[in-house]
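Using this note's numbering, the first residue of the sequence shown is number 37, and each one after it goes up by one.
What the hints contain is simulated information worked out from the structure, not anything from laboratory work.
Capping the alpha-carbon separation at 27 Å, the derived lysine-lysine pairs in DSSO-like fashion look like this:
id, residue 1, residue 2
1, K91, K136
2, K153, K255
3, K145, K183
4, K198, K255
Label-pair restraints from in silico Cβ distances:
id, residue 1, residue 2, range
5, L208, L155, 17 to 27 Å
6, K183, D307, 27 to 37 Å
7, L84, L139, 15 to 25 Å
8, D159, S200, 18 to 28 Å
9, N80, L155, 45 to 55 Å
10, L83, K255, 37 to 47 Å
11, N192, K268, 30 to 40 Å
12, G223, L96, 33 to 43 Å
For every residue, glycine included, the Cβ atom is placed at its ideal position computed from N, Cα and C.
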Amino acid sequence: MKNIILDFFLTITGISAASGLVHQNNHLFLIADNSQYLYDFGLNDRLLTRIQLDKNTSDLENIAKARKPDFESITFDQDKYYIYGSGSTPNRNLRITYQKEVLTEDFSKIYHRLQQKFLVDQDNFNIEGVIHTEDEIWLFNRGNGQKAQNGIFKINKFNTEKSSFDAIKLPLIDQVQAGFTDAILVGDFVYFIAAAEASNSTYLDGEIAGTILGKFNRKNSQSIETIRIPGKHKFEGITLKEQSEDQITFFLCEDKDDDKMETTIYSLTIDQ
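Can you build the whole structure from these sequences, using the hints too?
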């Protein structure tokens, strides 16, 4: 990977703390870690609509840290959107499925089983990215706890008790450990982003050192290429914009860890 170009694309008013996005049918579908909405932004008409994920609450946006659902991961699979809570505290264990209707599942037992089986305790468990393959769910653990346990939990879609964990070593950014913040599968390659934040906590925010873009073949997660993204951004979402023989372009969203009701979308282009 070389010749990386980061450009401002647009600002969306009405969303704060954007934590994940999917580009589908010329729409951006976004989540925020402090919100109970799935946001649908049309790239043609520039209109923002909200899909309420929890009908039983009026606390829908800018939810306080202790109560927020912490939706950090979103993916699109077989005409459905899947949204995952981070699991970083006991009240952040939901999976939401959306296809015209909202389905809510409690993933507490699955998350707990992963923690126990692979010795990733609650203080180091923090799901920030997800990929659905043909037969597995890949959950990307952000190693921003004391043990810096970056890795990928792989769960069989048809039998969630079948699972594995690939521990992955990521580089430092200005002497701060990078941790997974999102990932996407494009053909045979996984592209991911990983941010460095000086906090050593899955709960507390810290000073941002920056974000890297990484790439590996889906069959070999230990052979990784990385490149630093310009600036000191905390990018938390990545989705494919377009691809040619020579280049690939992504949309990125950024979590500025503030309460302003706007989010900036960036375009990131790199030579393949």
